[in-house]
Amino acid sequence: MSEPNYSLGSLEERVLMAVGFLNGEGYGTSIRQAIEEATGRGIAVGALYSTLDRLERKGLLVSWQGEPTPERSGRPKRYFRITAPGEQALEAAEAARQKLRVVRQEGFSPA
Amino acid sequence: MNKAITMRAKKLLPGLLRIKRILYRRLEEQLRSLEEQGASLKVKKRLRVKLRGYRNEINALEKVCGRGDPPVFGELLLLLLLPEKNSEYQLGDVAEKYRKLEAKKGSKVATLNYYGEVIREAWPRIRKVLWWVILVWLSHQI
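Protein sequence lines, in the order shown, are assigned to chains A and B.
Counted from 1, the first sequence has number 102 at position 102 by this note's numbering; the numbering is strictly sequential.
Counted from 1, the second sequence has number 104 at position 104 by this note's numbering; the numbering is strictly sequential.
Honestly, I wouldn't trust all of these hints.
[Said to hold, decoys possible] Lysine to any residue pairs mimicking SDA-like chemistry, simulated, CA-CA at most 20 Å apart: (1) B:K20 - B:R8; (2) B:K85 - A:I43; (3) B:K85 - A:R78.
[What the hints assert, rightly or not] Computed footprint of chain B on chain A, listed as stretches where at least three residues anywhere in the stretch have a Cβ under 8 Å from a Cβ of chain B: (4) 39-47; (5) 74-80.
These aren't lab readings, by the way, just hints derived from the structure by calculation.
Backbone N, C-alpha and C fix where the C-beta goes; we use that ideal spot for every residue, glycine too.
Could you build all of it, start to finish, from the sequences and the hints given here?
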């Protein structure tokens, strides 16, 4: 098995956080809503799904198809759940941010 | 196996509903024109029975598929713009948002929002075309 890719872009990080927060109940609409509520900025549906696909390819998410529902014109939902490497990637991103915060407070001294 | 067949059949229902609605509208027009022409009572009665049958079928289908449909032209545009792989899920997401907005703020706001989604999806391509137009225009100016 290949080593998981922990490097995340800012949109990837936001999407991964939203999926993690929704805890297995996340699908397109709910993820978009969570991101919009948290950041105040919307995200195009195409951009969201390409990001979700990318994260799934990296092994940070898993997806499965739900039942078609009447309010979706009989179209199915695609649910997403964060994986253990996904959690680790979020932790790594948070740790990197913490380090940068420390550097900003203490000042950068090149060796 | 049975579940897969049911899922496939459920996917066909929205299309079937649309066809039934078109047929219903055509039959209605036919009845109206027959009334204007002064057709016999027997013919009109037969058409009315047929119309009632269609209405019942439409009502039953609407119970499964939902009532207010998103704009057909907008849906077609989205279908052309979105990659085929996820188009079913994405169209479902936009349709769900449309129905929620329709229930809250009415169909005009929901339709405007739907076309907003279409423009949002098309914007990267529009921007690319605009840049090319500007570049060509500039090259002609120099």
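Outcome of the hint check:
1. B:K20 - B:R8: 19 Å, holds
2. B:K85 - A:I43: It holds: about 19 Å lies between the C-alpha atoms, which stays within 20 Å.
3. B:K85 - A:R78: 12 Å, holds
4. 39-47: That given contact holds, which follows from 4 residues of the stretch 39-47 of chain A lying within Cβ reach (below 8 Å) of chain B.
5. 74-80: That given contact holds, which follows from 5 residues of the stretch 74-80 of chain A lying within Cβ reach (below 8 Å) of chain B.
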